[in-house]
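Visitor: As a plain string of letters, each chain reads:
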Amino acid sequence: MNVAVMKTKSEQTLSLQAAERIPTLPGDKDVRRAREAALAVFEAAGLPHRRIEEWKYTDLRALLKDAASVTPQRSSDVDSKLFDLTGTKAATYVFVDGRLITKPKDHTIAGVTVASFSDEVSKNPALLAIELPETVDAGARSVIALNSALASDGAVITIAAGAAPERPIHLVFIASGAVAVRNVIVAGADSESTVVETHVSPTGAARQENAVSDVTLARGATLHHVVRTEAHEGSAALAQYLVRVCAGAHYKPFQLTSGGGLSRQQLTLTFAEQHASLDFSAVALARGAGHVDTTLVVDHAVPHCTSRELFKTVLDDRARGIFQGKVIVAPNAQKTDGKQMAQALMLSPDAEFDSKPELEIYADDVVCGHGTTSAELDPDLLFYCESRGIPEVEARALLIESFVGEAVEKIENEALRDALMSYATAWLRSAA
Amino acid sequence: MAAVQETIDQVKKIDVDQYKYGFETKIESIKAPKGLDESTVRFISAKKGEPEWLLNWRLEAFQRWKAMTEPNWAKLRYSKIDFQDLYYYAAPKSTEGPRNLSDVDPELLKTYEKLGIPLREQELLAGVKSSRVAVDAVFDSVSVVTTFKDELKKAGVIFCSISEAVREYPELVQKYLGSVVPQSDNFYAALNSAVFSDGSFVYVPEGVRCPMELSTYFRINEKDTGQFERTLIIADRGAYVSYLEGCTAPMRDENQLHAAVVELVALDDAEIKYSTVQNWYPGDAEGKGGIYNFVTKRGDCRGHHSKISWTQVETGSAITWKYPSCILRGDHSRGEFYSIAVSNGYQQVDSGTKMIHLGKNSSSRIISKGIAAGYSQNTYRGLVSAHRKATGVRNFTNCDSLLIGDKCGAHTVPYIEAKNSSAHFEHEATTSKISDDMLFYCMQRGLSQEEAVALVVNGFVRDVLQQLPMEFMAETQKLIGISLEGSVG
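Line order of the protein sequences matches chains A and B.
Residue numbering for the first sequence follows the numbering used here, starting at 46 and increasing by one per position.
Residue numbering for the second sequence follows the numbering used here, starting at -14 and increasing by one per position.
Just so you know, these hints were derived from the structure itself, not from any lab.
A virtual CB, placed ideally from N, CA and C, is assigned to each residue, including glycine.
Do not take every clue at face value.
[Stated by the list, open to error] Here chain A is said to cover these stretches of chain B; the calculated rule only asks that three of the stretch's residues, wherever they fall, bring their Cβ under 8 Å from a Cβ of chain A:
id: 1; segment: 384 to 393
id: 2; segment: 400 to 412
id: 3; segment: 415 to 426
[Stated by the list, open to error] When the alpha-carbon atoms are kept at most 25 Å apart in a straight line, the in silico DMTMM-like pairs for lysine to aspartate or glutamate are as follows:
id: 4; chain 1: A; residue 1: K380; chain 2: B; residue 2: D422
id: 5; chain 1: B; residue 1: K404; chain 2: A; residue 2: E421
id: 6; chain 1: B; residue 1: K404; chain 2: A; residue 2: D425
id: 7; chain 1: B; residue 1: K374; chain 2: A; residue 2: D104
id: 8; chain 1: B; residue 1: K339; chain 2: A; residue 2: E98
id: 9; chain 1: A; residue 1: K101; chain 2: A; residue 2: E278
id: 10; chain 1: A; residue 1: K384; chain 2: B; residue 2: E256
id: 11; chain 1: B; residue 1: K339; chain 2: A; residue 2: E403
id: 12; chain 1: B; residue 1: K60; chain 2: A; residue 2: E403
id: 13; chain 1: B; residue 1: K60; chain 2: A; residue 2: E179
id: 14; chain 1: B; residue 1: K138; chain 2: B; residue 2: E256
id: 15; chain 1: A; residue 1: K168; chain 2: A; residue 2: E65
The following block holds chain A by itself, in its conformation from the complex (with noise of 0.2 Å):
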């Protein structure tokens, strides 16, 4: 049956957006037409919705009421408290609405070049353009789709091979309204490095930031991927991470997700060669009528690849936590070791949490695993505590705590994982 569908309010103005943004934003004529076409896919495809499978708890057609329009480029005064990492020594880049604006004033770190992708792509256009492996569903296609026509700056990080720097890269991405983000990593053979990214928005301002990174770890190489997302009410922030692993390299993402907006992380991994490994934790938390959403598709396309995945979410209010994981083993990608567990602490009578962690195994000689919980607050713990002397408003944001910090501590940098922690726990008490 092929019915033509209605173009939903949103999807309509994002096109009418992207028609009139499209010419002038960075690149030649080259990438403009590359931009042009990719618009074409997003308008022939439209929003990822429900009937999408990859999607079926994030139906974007329903939930993006509309739009947000494009705000125009707001001055570099911006409030640090949004993104302070102090004690980590990071080098800070920040990007307002779209845009690089300040980069650190010592921003010369032996072994990283950072550039923006704004001047990158107008040097070479094929930047723009993403290989998207097969496992890549047609819901994300679209959305990276509409990132590439719609891309304006983002960093475009490299580590020379053999590299180590000890401060972290922090990116910093505030927007106020429409943004497309473009990061590109690369780490080089044998490099380790941690980039670490911040996506907020000022107060009350309804941001939709449609952010893609495109990663690649080079052999050996050992990249620790911090990313902090507050979506808060009335915001939307949709993160594609795309990456490709080579031989014996380690790819050890972190990711704190927090408010009570519209928020998908997206992580499709490639395993490309042997003896790779990804250890990834990550923590939602979300309260209001909040939505976060963690996907990930692990492809151990070949053999001796080992994969981790520990994800927590706590949900308050009438929020939605969503976290789907396919873990795919190629048929002959034998001595594969993949482990999974995803997590949710249910703290309102309204919240909801909706799991699909997923096996896809086509090798014999594998041990792979996931398992997955939701629950409420165990009362014989707080009973514990109490017990204890502890009043029950502070035996309750213990557990909580405790529950958030082990995905938490998995953060080997220990100045970031104060800071992350610290994120975590100022927003759990928030609301207390």
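Given the structure of chain A, go ahead and fit chain B onto it with the hints provided.
Guide: Just chain B now, kept in the frame of chain A:
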């Protein structure tokens, strides 16, 4: 370890791909004309002498079916089924007229004897409590005979073919038919509603514990036919019934369709235990032939404290598409699903369950064991959901898959939806191959490799086997042995 030894012996006796039940009974039969249209539906209804309301019900289902498309979301690959190239009704000629064991065609009796199904009612030996099972035997489109009917009647239990129930107890059938699986529930359920030919009907009245195990044995015999049976089981308040189902078919090169619907209704405090040993012909070593098994099974825990338990052992069929589910409507109701799905050769299994928690404090448990060997694909697909108002619900799910050989696949696709905070859901799944350490341990104790594999596999599925009635347990262990034959190494 006697049982395990038995399994191994069984395996040894039988060659690879030797499907034990693959013979064909030469018997004259009456068929509906090939193909499906409204006249086919009318033909079947007329053949059974059905009342007007049922014919209309069938026709309505047929209209709905015509507007539906085949589901394609399952991890199954098969050539398109031509629904016009099938016989929708086939009955042995001899079954027309009065049905009493002495009237049954001896050829048919021989068939069942060969299958090991007792159709002659055994007498109780004085002082010996032997287990007896009442059997409803369904051959192609009709029920051949139902045993122990009189004895069951004494207890108040109605056990007969559904055609007979339509004649004898129309008010019960009309009340419950389609109340769990509506006509337009899904493509295959709609097809079944339009053309279902026979099946079993069980009604256990209030407070009665059914005195013996009930069972139905399904046999497809005729060529190019589909089997569309419909089973309806109702356990009234406080009643208990245990029901077994078995199925086999001859070996043929073409694929045959089996699309059944099973509806269970458990009222307050009632319990239904439904066990299946599915052993349809799985196709040959090259994946040629075999039964396409598209089945809708659903239980409705309508009353408080009611319980429905599904146990299934799936070893046959080329394609299995089957999700026995529980709608836990009553407060404190309980649903259970125990499954062993063994696939070998080119078999494809996409099976699992749905536990839909609507009642407060309802609980469910899912234990699923998938064993994939050869070139087969074995998928567990399940849903556990808690309604917003269903407080205090519990679920525990455990699905394990075992892979034997590197050409097969095992997949897990669970959906877990908690719509309120007091729902406690736990889900765990693992996939692995038989550990070399385990095999080595067994073999250094003197077991051959094949024996060691059988031992480990039997241990792996033990949780589920224990849920089966005694008679089936031994049978099942044998079946698992057969299905895995030729998969070692």
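Visitor: Take the hints in turn and mark each one as holding or not.
Guide: Going through the hints against the structure:
no., hint, result
1, 384 to 393, "holds (count 7)"
2, 400 to 412, "holds (count 13)"
3, 415 to 426, "holds (count 4)"
4, K380(A) x D422(B), "holds (15 Å)"
5, K404(B) x E421(A), "holds (12 Å)"
6, K404(B) x D425(A), "holds (23 Å)"
7, K374(B) x D104(A), "holds (24 Å)"
8, K339(B) x E98(A), "holds (18 Å)"
9, K101(A) x E278(A), "holds (22 Å)"
10, K384(A) x E256(B), "violated (38 Å)"
11, K339(B) x E403(A), "holds (16 Å)"
12, K60(B) x E403(A), "holds (13 Å)"
13, K60(B) x E179(A), "holds (17 Å)"
14, K138(B) x E256(B), "holds (19 Å)"
15, K168(A) x E65(A), "holds (23 Å)"
When held up to the earlier numbered hints, the structure conflicts with hint 10 and nothing else.
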